[in-house]
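Undergrad: One letter stands for each residue in the lines below.
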Amino acid sequence: MIDAMDKAAGLSPHDALFAARRFRPEFVRGAEECRLSVLQPANDQGLAPNLRVALARRMAALNADPVLMAEYDVQLAQLGPTEQLLALAQGETDLNEPLATIVRHVDLITLTPKKAEASHIALLAKAGLNNPQIVALSELIAFVNFQTRVAAGLRLMRST
Amino acid sequence: MISSVRLKPLNWHPYIAPVELSEATPEQLDAMKVTPSAKKVSEYVRTLAHDPESYLARTILFNAIMYVEGGLARPDRELGALGASIVNGCKFCAVVHARRHAELTKSDEVVTALYLDKPEALGPRDAAIYSFARRLSAAPSEATADDIAALRSVGMDDREIIDLIHAISIFGWANRLMHVLGHAESG
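These protein sequences, in sequence, are chains D and F. UniProt numbering applies: residue 1 is where the first sequence begins, and numbers increase by one. UniProt numbering applies: residue 1 is where the second sequence begins, and numbers increase by one.
Derived by calculation from the structure, the hints in this document are not laboratory data. One thing to keep in mind: the hints can contain errors.
Dumping the calculated DSS-like pairs for lysine-lysine here, alpha-carbon to alpha-carbon at most 27 Å [stated by the list, open to error]:
| no. | chain 1 | residue 1 | chain 2 | residue 2 |
| --- | --- | --- | --- | --- |
| 1 | D | Lys114 | F | Lys33 |
| 2 | D | Lys115 | F | Lys91 |
| 3 | F | Lys8 | F | Lys40 |
| 4 | D | Lys115 | F | Lys118 |
| 5 | F | Lys40 | D | Lys115 |
| 6 | F | Lys91 | F | Lys106 |
| 7 | F | Lys91 | F | Lys118 |
| 8 | D | Lys7 | F | Lys118 |
| 9 | F | Lys106 | D | Lys115 |
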C-alpha cells in the first residue's frame, strides 16, 4: 500500500526504492503514526486540523517542496478553510492574532532553527498559546521539517 | 595532528513549565512510561508530555531510526545526527551525539575534526556522510544527486542510504524541539 511518504517521494510499488523502504517497516509505520499524531491527533489541544494543515502547506513551501505543497493544498481544501487560513497557507504574514505570531514562529524555526531563543516561546505565550499548544505546535513544525527531508532524500535516490 | 577536543555533557532546561508527575493525566503517564514508583523523569520528557500523542509516536520512530539492528552502522547514524545538529544549532544534541560517536568508534578524531571545523581531516566515508548531513539539513535542502553518488562511491547501498536519510531527518525534528523549547547549560 502506498503511504503519504511514498506519495511525497513519488514512489510506486514497482520501484526498487519502494521495496527498499520496506526493509524498515518500523520507519514506514513510525513516520505514518507521527504524521497522524501532528496532523490528525485525537486531542488537537485546540489547534484545529485545518490550522495544522495550513501550517504544513506553508512549511512545505518554505522547504521548496512543490509535491507536498500540492498535497497539503488538497487536504486543506477539504477542511473548510477560512480566508485567513488560506492566506496563512500561502505564506501571508499580515494576519489576525494569534495567527500572525504563530506564523512568525513557524517561519523562523523552519528556516533558521539556530536563531531560536527563549523570547520566541514567550511571544507564543503572550499571543495566548498554552503549554500543550506550544508543544503541539513545536512537534508539528518539527514533523514537517522531518517529512520534507525524508522525501527530498528519497527523491534524490530515485533520480540517481 | 590536531589535539583532541574534550566535550562535557550539558544540562537542558525548558522555557516552559514541564508536566508535574503529580498532576499528569493517565495518558501523559503512559506516554512517559511512568510506573507509580518512578520518581525521576527528565525535564525534556516532561515538557514534551504536554502533548502525549506526538511524544509517544515520535519516541517510537526515533528509537527505531537510531537503534534498530542491521543496516547502517551506528557511528554513521550518529555522524548524520551530529551534522544535522551542528547546522540546526542544537548544542545539546551535538554534544550528546558527538560523545556517542566517540564512544562507539573508541576514537574522538572525527568529533575533534568537526568541532575544530576541519572537515577536510575526515576520511572519504565520513566526509561523504557529513557533507550530505549538512546539505540535507539546510532549509530548503541543498542536497543533490552528487551527494547520493558520493555515498554510493564509498560503498553504501540503498538500505544504508535510507537509514542515513532518516537519521539526519529525525534530527531536523529533534533539534527543532530541543533547541526551541529550552536551552543547554554546562554541568
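Undergrad: Compare the structure with each hint and give your call.
TA: Here is what the structure says about each hint:
With a C-alpha separation of about 31 Å, the suggested pair Lys114(D) and Lys33(F) falls outside the 27 Å cut-off, and the hint is violated. Proximity of Lys115(D) to Lys91(F) is assessed by CA-CA distance (about 12 Å); at most 27 Å being required, the pair is judged to hold. With a C-alpha separation of about 22 Å, the suggested pair Lys8(F) and Lys40(F) falls inside the 27 Å cut-off, and the hint holds. As the CA atoms of Lys115(D) and Lys118(F) are separated by approximately 23 Å, the hinted pair is consistent with the 27 Å bound.
The hinted pair formed by Lys40(F) and Lys115(D) fails the criterion: a straight-line CA distance of about 31 Å is larger than 27 Å. A C-alpha spacing of about 22 Å is found between Lys91(F) and Lys106(F), which places the hinted pair at or below 27 Å, so the restraint holds. Between Lys91(F) and Lys118(F), the direct Cα distance comes to roughly 18 Å. Compliance with the 27 Å bound is thereby established for this hinted pair. Proximity of Lys7(D) to Lys118(F) is assessed by CA-CA distance (about 39 Å); at most 27 Å being required, the pair is judged violated.
Annotation: proposed proximity of Lys106(F) to Lys115(D) is violated, straight-line Cα distance about 33 Å (limit 27 Å).
Checked against the numbered hints listed earlier, the structure breaks hints 1, 5, 8 and 9; every other hint is satisfied.
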